[in-house]
Amino acid sequence: MKRMITPAICILILFLCELNLYAGKNLEFSKEFALFTSKNASGYFKPLLTSIEQSLNSNRFTCADYEETWRIGLDISVMGMLIPSSQNNYDAELPQLYGDTSVAQTGELRDGVYYRNKKGSTLQPTIYGGASTPVFSAPQKQNGVSEFYKSSGFAEGNNITFMPGLPVLQLVVGIPTRTELRFRFLTLGVAGESMTYYAILLNQRLDHWFDIQNILHNHAIAVNLGFHSLQRDAGIDVTSFSAGLHGSGEILENFKYYAALQYETISGSITAYRENYDASDVINSPYEEIRLHGDQPLKISVESFTKFRVLGGLSYKLGFAEFHGDIAYASQPIFTFGICFNFVTF
Amino acid sequence: MKKYYKYYLILVAVIAPVFISGCYTDTIDNLSEFTLQVPITVPMFQRGNSDTTFSNENLNKYAEYTNNKERVKRLHLYQSSFWLDSIAPFNSSEVFQKIEYYFIIDSVQYLIARFNNLSVSSFFKIPQIYQVPDDIAEQVSAALLQNEVFRTMLVTTRTPGNNTNYSLIQSSLVMSLRMDVKL
Chain A
22 MKRMITPAIC ILILFLCELN LYAGKNLEFS KEFALFTSKN ASGYFKPLLT SIEQSLNSNR
82 FTCADYEETW RIGLDISVMG MLIPSSQNNY DAELPQLYGD TSVAQTGELR DGVYYRNKKG
142 STLQPTIYGG ASTPVFSAPQ KQNGVSEFYK SSGFAEGNNI TFMPGLPVLQ LVVGIPTRTE
202 LRFRFLTLGV AGESMTYYAI LLNQRLDHWF DIQNILHNHA IAVNLGFHSL QRDAGIDVTS
262 FSAGLHGSGE ILENFKYYAA LQYETISGSI TAYRENYDAS DVINSPYEEI RLHGDQPLKI
322 SVESFTKFRV LGGLSYKLGF AEFHGDIAYA SQPIFTFGIC FNFVTF
Chain H
77 MKKYYKYYLI LVAVIAPVFI SGCYTDTIDN LSEFTLQVPI TVPMFQRGNS DTTFSNENLN
137 KYAEYTNNKE RVKRLHLYQS SFWLDSIAPF NSSEVFQKIE YYFIIDSVQY LIARFNNLSV
197 SSFFKIPQIY QVPDDIAEQV SAALLQNEVF RTMLVTTRTP GNNTNYSLIQ SSLVMSLRMD
257 VKL
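As you go down the protein sequences, you meet chains A and H in turn.
Following my numbering, the numbering of the first sequence begins with 22 at its first residue and continues without gaps.
Following my numbering, the numbering of the second sequence begins with 77 at its first residue and continues without gaps.
Careful: at least some of the hints might be erroneous.
[Stated by the list, open to error] Derived coverage of chain A by chain H (criterion: at least 3 residues anywhere in the stretch with Cβ under 8 angstroms from a Cβ of chain H; other residues may be distant):
#, segment
1, 198-208
2, 247-253
3, 312-323
[Claimed, not checked] Only pairs whose alpha carbons sit at most 27 angstroms apart, straight line, appear in this in silico BS3-like list of lysine-lysine:
#, chain 1, residue 1, chain 2, residue 2
4, A, Lys171, H, Lys137
5, A, Lys60, A, Lys139
6, H, Lys145, A, Lys162
7, A, Lys171, H, Lys174
8, H, Lys137, A, Lys162
I should point out that these hints are in silico values taken from the structure, not numbers from a laboratory.
Because the structure is a prediction, the values reported are computed rather than measured.
We put the CB at the ideal spot given by N, CA and C, even for glycine.
Hey, can you work out the whole structure from these sequences and the hints?
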C-alpha cells in the first residue's frame with residue numbers, strides 16, 4: 022500500500038495545484054452590471070453566495086469513528102442544492118428621492134396591481150429569481166435634482182431551482198489521536214491575477230475520552246471545526262468558518278450512517294471597478310452611488326442565508342474506497358455524494 | 077442479495093456524477109446569460125392642434141443599449157409607460173377618451189400602450205403603465221433585433237364635444253426593454 026504514496030501525491034499536485042501567477046490588477050465588471058449599486062448587488066447575488074458557502078462547508082466529514090492509525094486519502098465529492106422560493110427575491114434599494122413627490126412621481130405595475138411613489142425599497146428578483154419589475158418615474162421639474170430621477174430597471178433572475186455546488190477535492194489525513202484533518206487548496210487565474218482558496222478542516226473523535234462506550238455501543242461522536250479562505254490580492258477577501266458535532270453508527274458490516282448539526286458562516290467582500298468607466302455612461306442613473314461615484318468600486322458584501330444545517334448520511338466501505346452520500350437541511354437543502362480513497366493506512 | 081450491494085454502489089457512483097454534471101452544465105449555461113431591464117425614454121412633442129404625434133428613434137441614441145449591444149442576444153419589450161410633461165392650454169379636468177402609443181418598425185404598427193378615459197390630472201407628470209401583451213412584445217422584439225431604427229406614434233382621441241385647440245402636448249413614453257446579454 023505504501024507504494025501508492027507517490028501516485029497519490031502526483032494526483033494531488035495535478036488536481037490541487039493549478040498555479041497561475043499574474044501581476045496585481047483590480048477586478049472589473051462589465052458594463053451590463055453598471056445598473057447595480059453595492060447594496061443591490063449584495064442582495065442580488067446573496068443566494069449564489071449562499072450556494073458557494075454551503076459548497077465550502079459540505080463534505081467536511083463522514084463517519085465519526087476515527088481510528089488510532091495514520092491514514093492518507095483523497096476525497097472527491099459533488100453536491101447539489103435545491104433553491105427555495107424564499108430566495109428568489111430581495112428588497113432592492115430605490116433611488117434616494119423616489120417617494121418624494123416634489124421630485125418625481127413613480128409607479129410600478131406588478132401582477133396587475135399599480136403601486137405609486139414607493140420609497141426605500143422594492144421587491145426584485147435575485148440571480149435565482151424571475152422577471153424584474155421596472156419602476157417608472159416622471160421627474161416633476163425639467164432641471165435641478167429632479168431631472169436625475171428617471172425610471173429604473175433591474176437585473177432579472179435566471180429561474181434556477183437547482184444549483185450544483187462547487188466540486189470538492191481534498192486531502193484527508195488521519196492521525197493516531199483519532200483526529201482527521203482535511204486540506205483543500207486551489208489557485209485559479211481570475212481577471213489576470215491569481216485567486217487562492219484554502220481550507221483547513223479538523224475532525225476530532227470525542228467519545229473515547231469518556232467512559233461512555235457502554236451507552237454508545239457501536240456509535241461514535243466527534244467535533245468538527247473548519248476554516249476557509251478565498252483571497253485575491255485585489256478584489257476578493259472572503260473567509261468562512263464552521264463548527265459542529267457529528268456522530269455515526271454501524272448498520273451492517275462496512276455500512277454506516279452518520280448525522281450532524283453544524284453552524285456555519287461566511288463573511289468578507291468582493292470589490293470591483295466598472296470596466297472602461299466613462300462618466301457619460303452613468304450620468305442618467307437615478308442612483309447617486311452610480312451617478313456621482315461611478316469611478317469608485319462596487320463592494321459586494323459576502324453573506325449567506327445559511328447559519329445552521331442538520332445532516333444525515335450513509336457510508337459504505339469497499340476496499341480502500343469509502344462511498345458516502347448525505348442530505349442536509351439548510352436554507353438551501355443540499356445533497357452530496359462522494360468517494361474517499363484511503364490510499365495509505367498504517 | 078447482499079453480494080450485489082457493492083455492484084449497486086458502484087453503479088450509483090458512476091451514474092450520480094454523470095447526472096449531477098449534466099445539471100451542472102445546464103446551470104452554468106443558465107448563468108452565462110444575464111437579463112437586465114433597461115428603460116428607454118422617448119420624448120414626444122406635438123406642436124399645433126393635431127391628434128397624432130410622431131417621433132423618429134434609433135436605439136443607438138441610448139447609452140443603455142449601445143453599452144450592451146454587442147452582446148445582446150434578445151430584446152423583449154416588457155412594459156411601457158407614459159405621462160404628460162406639458163399641455164397647453166392646461167385643464168386638469170379635461171378627459172381624453174383614448175390615448176394610444178404605437179411602435180412602428182418596417183412600416184408595421186404595433187400598439188404598445190392604450191389608456192381609456194384618462195383625465196389630464198391623472199397622467200400629468202404621473203406615470204401610467206401598460207403591460208405589453210406577449211404576442212405584441214414578441215413581434216416588436218423580433219423586429220428590433222433586425223432593425224434599430226423605429227418610430228413611435230401617439231394618437232389622442234378626445235371626448236365628443238371637446239374642441240379645445242391644443243397648441244402643445246409634450247409627453248414621455250418609456251419602453252422597458254428586457255435585454256438578454258451573453259456574458
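Hint check:
1. 198-208: violated (count 0)
2. 247-253: The restraint on the segment 247-253 of chain A is violated, since only 0 of its residues have a Cβ under 8 angstroms from chain H and three are required.
3. 312-323: Since 0 is below three, the answer is violated.
4. A:Lys171 <-> H:Lys137: Within the cut-off at roughly 17 angstroms; holds.
5. A:Lys60 <-> A:Lys139: Distance ~18 angstroms between A:Lys60 and A:Lys139 Cα, so the pair holds.
6. H:Lys145 <-> A:Lys162: Not satisfied, since the Cα-Cα distance of roughly 31 angstroms exceeds 27 angstroms.
7. A:Lys171 <-> H:Lys174: 26 angstroms, holds
8. H:Lys137 <-> A:Lys162: 23 angstroms, holds
In summary, the structure is inconsistent with hints 1, 2, 3, 6 from the numbered list given earlier, while agreeing with the others.
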